[in-house]
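Chains as they are written, first to last, in my numbering: chain V, 83 to 380; chain X, 83 to 380; chain F, 83 to 380; chain P, 83 to 380; chain Y, 83 to 380; chain B, 83 to 380.
Hint data in this document are derived by calculation from the structure and do not stem from the laboratory. Do not rely on the hints blindly, as some may be mistaken.
Copies of the same chain are indistinguishable here, so a pair counts whether it falls within one copy or spans any two.
Claimed, not checked - In silico DSSO-like cross-links for lysine-lysine, where the CA-CA straight-line distance does not exceed 30 Å:
(1) Lys122 x Lys216
(2) Lys202 x Lys246
(3) Lys182 x Lys202
(4) Lys202 x Lys146
(5) Lys122 x Lys182
(6) Lys168 x Lys146
(7) Lys122 x Lys246
(8) Lys246 x Lys168
(9) Lys146 x Lys306
(10) Lys122 x Lys86
(11) Lys146 x Lys86
(12) Lys86 x Lys216
(13) Lys168 x Lys122
(14) Lys122 x Lys146
(15) Lys182 x Lys146
Since this is a predicted model, take the numbers as computed values, not measurements.
Number of protein chains: 6
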Amino acid sequence: MSNKAVLLSNSGKPYINLSLRDRTGQVECRVWDRADEIAKRFERDDIVEVSGSAIQYQGRIQLKVHDVRRAEGEADLADFLPVTRKGIEPLWEELQALVKGIADRDLSRLLRRVFPDPPKTETARRFRQAPGGKSMHHDYIGGLLEHTVSVAAICRFLAGHYEKVDADMLLSGALLHDIGKVGELSYEGAFEYTDEGRLLGHLYMGAEWVAAECARIEGFPADKAMLLKHMILSHHGELEYGSPKRPKTLEAVLLHFVENMDSKANAFLEAMEDLREGAIWTDYQRMFERYLFAGKKK
Amino acid sequence: MSNKAVLLSNSGKPYINLSLRDRTGQVECRVWDRADEIAKRFERDDIVEVSGSAIQYQGRIQLKVHDVRRAEGEADLADFLPVTRKGIEPLWEELQALVKGIADRDLSRLLRRVFPDPPKTETARRFRQAPGGKSMHHDYIGGLLEHTVSVAAICRFLAGHYEKVDADMLLSGALLHDIGKVGELSYEGAFEYTDEGRLLGHLYMGAEWVAAECARIEGFPADKAMLLKHMILSHHGELEYGSPKRPKTLEAVLLHFVENMDSKANAFLEAMEDLREGAIWTDYQRMFERYLFAGKKK
Amino acid sequence: MSNKAVLLSNSGKPYINLSLRDRTGQVECRVWDRADEIAKRFERDDIVEVSGSAIQYQGRIQLKVHDVRRAEGEADLADFLPVTRKGIEPLWEELQALVKGIADRDLSRLLRRVFPDPPKTETARRFRQAPGGKSMHHDYIGGLLEHTVSVAAICRFLAGHYEKVDADMLLSGALLHDIGKVGELSYEGAFEYTDEGRLLGHLYMGAEWVAAECARIEGFPADKAMLLKHMILSHHGELEYGSPKRPKTLEAVLLHFVENMDSKANAFLEAMEDLREGAIWTDYQRMFERYLFAGKKK
Amino acid sequence: MSNKAVLLSNSGKPYINLSLRDRTGQVECRVWDRADEIAKRFERDDIVEVSGSAIQYQGRIQLKVHDVRRAEGEADLADFLPVTRKGIEPLWEELQALVKGIADRDLSRLLRRVFPDPPKTETARRFRQAPGGKSMHHDYIGGLLEHTVSVAAICRFLAGHYEKVDADMLLSGALLHDIGKVGELSYEGAFEYTDEGRLLGHLYMGAEWVAAECARIEGFPADKAMLLKHMILSHHGELEYGSPKRPKTLEAVLLHFVENMDSKANAFLEAMEDLREGAIWTDYQRMFERYLFAGKKK
Amino acid sequence: MSNKAVLLSNSGKPYINLSLRDRTGQVECRVWDRADEIAKRFERDDIVEVSGSAIQYQGRIQLKVHDVRRAEGEADLADFLPVTRKGIEPLWEELQALVKGIADRDLSRLLRRVFPDPPKTETARRFRQAPGGKSMHHDYIGGLLEHTVSVAAICRFLAGHYEKVDADMLLSGALLHDIGKVGELSYEGAFEYTDEGRLLGHLYMGAEWVAAECARIEGFPADKAMLLKHMILSHHGELEYGSPKRPKTLEAVLLHFVENMDSKANAFLEAMEDLREGAIWTDYQRMFERYLFAGKKK
Amino acid sequence: MSNKAVLLSNSGKPYINLSLRDRTGQVECRVWDRADEIAKRFERDDIVEVSGSAIQYQGRIQLKVHDVRRAEGEADLADFLPVTRKGIEPLWEELQALVKGIADRDLSRLLRRVFPDPPKTETARRFRQAPGGKSMHHDYIGGLLEHTVSVAAICRFLAGHYEKVDADMLLSGALLHDIGKVGELSYEGAFEYTDEGRLLGHLYMGAEWVAAECARIEGFPADKAMLLKHMILSHHGELEYGSPKRPKTLEAVLLHFVENMDSKANAFLEAMEDLREGAIWTDYQRMFERYLFAGKKK
């Protein structure tokens, strides 16, 4: 359940507004009877069982709920939160293939350490589950993994397309650029920022974390650590988007563009999924600050 | 010759400042003797023959010129202006291969008309020669062709990478996006904006030109013309960069990112070419508004 | 009807929210009974007949609607949409007088072709009906005509006020500057942007259309067409307001200021019309991003 | 003399750079001999007599000066500073006619007091001489008067063009809007800001001055004083242009547009005056942040 | 009562939404019965007596109101509006101590005139009552006094901390910087801007008022008046925040920072007061455009 | 020597432009004779011995240099670079007193570790020498120490002035906020950014360094480390000034204001030091983007 509010109806009677969410999407619900009693049984972000009947209004389902109770036993989060359509396992395999493509010995050691196969570390396990964002793009379980793999695959192509690119550095930066999101967002229940996420942000958290990992690898060259941290810190491209430094290496410049493009492309594709029946324009997209043209269906 | 100025020395004697340019680069010159007489022999942007001796100061050559005269007969511009290192013929062949990859019958007809092989139209001939910009990026003969081919090749990759992309539309937009530059810049001599270029700009000029070409193809669908024009007009991405509309289709969004990235990547690579002896940071880059890190040479 | 929404009341019963609009203004309505049945009878933007009773709350009328049915036969749109208070015929005559004042032979031919009297072309007919905007200013039938005539009349004055102004060019630009709005907005029913309007915009559409008209006039000088297109493209004054080029001719500079001032003056006067009983300050005006002072009534 | 600098030539010998200015324009000069001795004779902004010979370089005159001495006796400033081409007397008469057109008794009393005919007050005398700006527009003796009359004449036209305009208030605001410039700029010698001009600015100074004048007129209505002060304070239109409040009355909105347009039109016309021989584009105009198109001469 | 709205419930029955406010805070109320009758008895901003019963929802009290009637006799505003927790009298004494610390004879005379003790002038009386703002910071009775004293105390510290500060000038500017708010806001009932406040603003009003006060003191030096007015006009720091001039004296620079910091610190402390039960983050703060971290309670 | 350039005089003869700098200031020099030979003897940023004669032009000294040679033996940098007028030792003592005032046991341990007395660590030694900036403010040896002490002293005052401030946290943040500058700037010779300084910046470097220090203190609480890092990262106040997060705690908000004010106050005082003879306005100040008013000398 991603939202819960007890309200007072105009006749002075309390009722509950709920948003229920599972992996297929989200639905608005209202509990009209015994609201006070039922409201005490659960909290926001709990996994719940619900009985009720559906009504359709204006092309959207609304649920009139009769009863709600907390789910017993261990429920699998992935059953109740939206999950990447591409599958966590296939994406993980693709990521492993990208890691294996890194020839530079130092970077290869670092990446194998961060992304061990099987994913036995806490970070690796969380990395596979984490969403790519709170609401803007890749906002589903496995979204961070999907985004990372997509960015890295495009970067691999560009390393061959342009001259003078340090392919291993670009690919490593692509794979690590959002690692800080593992700690910036909590996703047990709804996606929320952690205190550290709000006060420090995933750019800083990622760079600090990479600094600490590099320090644990004996003989890891200082300049490679510096270039990786630069790529992480600068990947938002401009100061006003939260990067404390703008990209100043060729690899950082390319990563910024690819990262930005992939976020926007994903958001565009998601908006096309949400298209209203018969519409050729999406609803207003806050991320783009515009309506998007989905085009005529054939 | 890309610059000419007659100045008065402190001792009250006139001298001439020249910038000479050929395909390998540019050099500053000074004519100390007979400045008034020599100055009358030629104009800025003329092709000239020069005799003189070179002095090296601070890692840069300066030429002390004894005599200057206008070149006689027909000189080949490409001998005197910087030219793409990738070669116009190989790039043209790559462009033809990209055009051949377009399956949509309407778009294919349009593209073959715009880029006939051999390049028998005035537009096609100018398109092969034109620079990609006045000074910011791809500012050499064949630069527009090089930029177009690079953008289109990346777009072709992305059409396979992302779902739901209209590959033919994206590729067509990529190939046509800067066609207006054929008329925005003159490049007989130094690169300069035309009156039309300054008053209307290459976005408008390109879209209007595509509109006219589509109108000449019987039965060309209005919505495809509209989508192409949208891609051309919106490829600068934001109003403040001169696009009267921001990208609103998936193809326009992708094209904008690729186009921007390719301009920046080319400018970065050019800045690395100009690196001073022993430097690891470039001079200040106006396009990036920052210094760029070229990295340690191995 | 400019808005229709079926909602669920707190007691779980559906009701309908409507906005009805005729030439005198707009009123909010609610259908409490038989909402499902009634909702099926009509769509948004239909012309409808309504029975109900009015209630006044907080100085605004609200309608409690008993029944709604679609209007039969051909209804005249102008009866149901707000229309310019100045009258379409008087404005058209004023426009014709302005056109007759153009001495330059080329421009005169162009303008007579665009605005034939009587208005026998589709463009001329639509130009007389079109609103000047969706909601910001001149948002009523005939608004485009009213705005155009007002701008042109001020420009005629300025052509006499300042030296060195090309009076015919300024007047022609004023008369043509918003011609693209004929295709940018649809006004059958509520005012809405067309697909082309959203993807290309009225600046581009107007310039392309003028380009095509000029091409159809034998011997129309290229530089005059270029200057006209520049005025149309630059009349928003700044890139961030959607002009791909800023004004660079004296006539374009003047047109921009007059056009902007006339839009704002109209919006100010409309806001004064909407003043609440007894108020001396208007409601918050989004176009101005401020409250406006209407002043004390005598 | 508007500029004076003693410099050291490369051979270690001092020389003087001067800018001489009279009503027809400005010329660069150099004193090569006896620089130290000559430099002591005069200060920047002095009126001087000069002997020397002219050299022409690149279409501009440069003066090689042999001797300089301070002018003796009383020289008339207007002989040495650029002056409005329209003549101070004709402009003053036009202003008096505008003042006479004000019907409102309170405003009429105020305006006759501020602009007495003949101009017997210090303020009126300075108002007739003051430049309209330091360098951007109307930067010549009488420029403030010329600008004021032009703005007021356009406002008088607009008062008839639009409904609901308080014509007397608009005209009064137009005539008073830049009155603070009388104290913001000094123009004895080169145009310079006064301390008060830099610390308080002409918007504040004008409004405070009008407040004081109104206070001296018995029974002057407080709300009319408030509206006048609002017009003066808001005439730059936006906070970032130095207006502490944006225009919120119809008259203030119109005044802002007219005032801005007139400044730009004057700057455009001045730039056309300065056009280089044969050029159709002006030099880069800092006020417009662009090159302007002067067009082909017939 | 700071807000009153008669609304129509979904069942078509009118009810009243009220916001009641006293010095301890604000509470939302609803009148469900006899709404039409009760609504006629009072207006927004009246002082009222209310009977009803409280319900708690989501950690906030809501009042179900049975009856409302206007308060009879003279009620003390300070009983019903929020008041500074620091007490008006102690703050006034602190202000008097600060005034007494001014050694400069001119400034001392001015300040004693503006803030006489006891506060016998209308301005002094209003200054003690006025809020520091409408809603952003210090929005309670005595808020202006509290803010002024806080700013002045910090400035007194800084005058000792930094070299070359004119302590008397800095302190005088601090004490006078917001004097214009006395007339910008009305606070009889809810806090609202006056017409003059909206059209001229407290920066202008304060400077004009100080100018007039200085003019009434014989022999008050013009340059001290100018520096005081500069501090008042520039204390918002940037043009876009409504200062027509940016700070250009050391005292004005310091005052701007202190004034800004004190507003933000007060707003932060107020937001911490409003913290929801158990929360460690505040609600979204419009003034800061972010959520604030209140930290863990021990 | 802070600058060295070999140029070609108009007569074709090479000469050298030098800027010599010692603790008292900077002077421009020219070497006219034997330039080629002399130029080979030294590099930019070397400490040199110079013989020559001084000439005064326009209130500034210029040096005509006869000979230059590199200084032999170990020269003390502090003799040749400008140094804080307040003395490094007194400032260090003041800092130690501030550190001793921290009561919180964790923070006290951290601060004593970072600033050991005597300064036996490399960091502490560099911290005492480092400039506060490259050119904007506190750009002299000991400037970082002076700035830190000044900011911390003001913060200590504010901790007593405002309620609810965590005094120890605020003081610790003040003392550590610029610790990253120890590695961002090199000051052996002229002040220059290091590679790490340009690619990562002192905000990131300081936070990472504090993170590492905290990690070395057993049992250092994670939330205190987080709050310290937040203060360091956010002290520039806005994203566009390079802070990846804006201040979200009361202590971070206060620190940001004090830090900004102290930088500006120092820059203002430095500009007053550089005042030209007789001037009351400073030269244009790039940091303020304005001229500053130094006021009349008594």
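For each hint, the structure was consulted:
no.	hint	verdict
1	Lys122 x Lys216	within (27 Å within a copy, 39 Å between copies)
2	Lys202 x Lys246	neither (36 Å within a copy, 36 Å between copies)
3	Lys182 x Lys202	within (18 Å within a copy, 46 Å between copies)
4	Lys202 x Lys146	neither (43 Å within a copy, 58 Å between copies)
5	Lys122 x Lys182	neither (52 Å within a copy, 51 Å between copies)
6	Lys168 x Lys146	neither (33 Å within a copy, 51 Å between copies)
7	Lys122 x Lys246	neither (63 Å within a copy, 35 Å between copies)
8	Lys246 x Lys168	between (33 Å within a copy, 15 Å between copies)
9	Lys146 x Lys306	neither (58 Å within a copy, 45 Å between copies)
10	Lys122 x Lys86	within (11 Å within a copy, 33 Å between copies)
11	Lys146 x Lys86	both (14 Å within a copy, 23 Å between copies)
12	Lys86 x Lys216	within (18 Å within a copy, 33 Å between copies)
13	Lys168 x Lys122	neither (38 Å within a copy, 40 Å between copies)
14	Lys122 x Lys146	both (18 Å within a copy, 23 Å between copies)
15	Lys182 x Lys146	neither (52 Å within a copy, 57 Å between copies)
Violated hints, listed in ascending order, are 2, 4, 5, 6, 7, 9, 13 and 15; each of the other numbered hints is respected by the structure.
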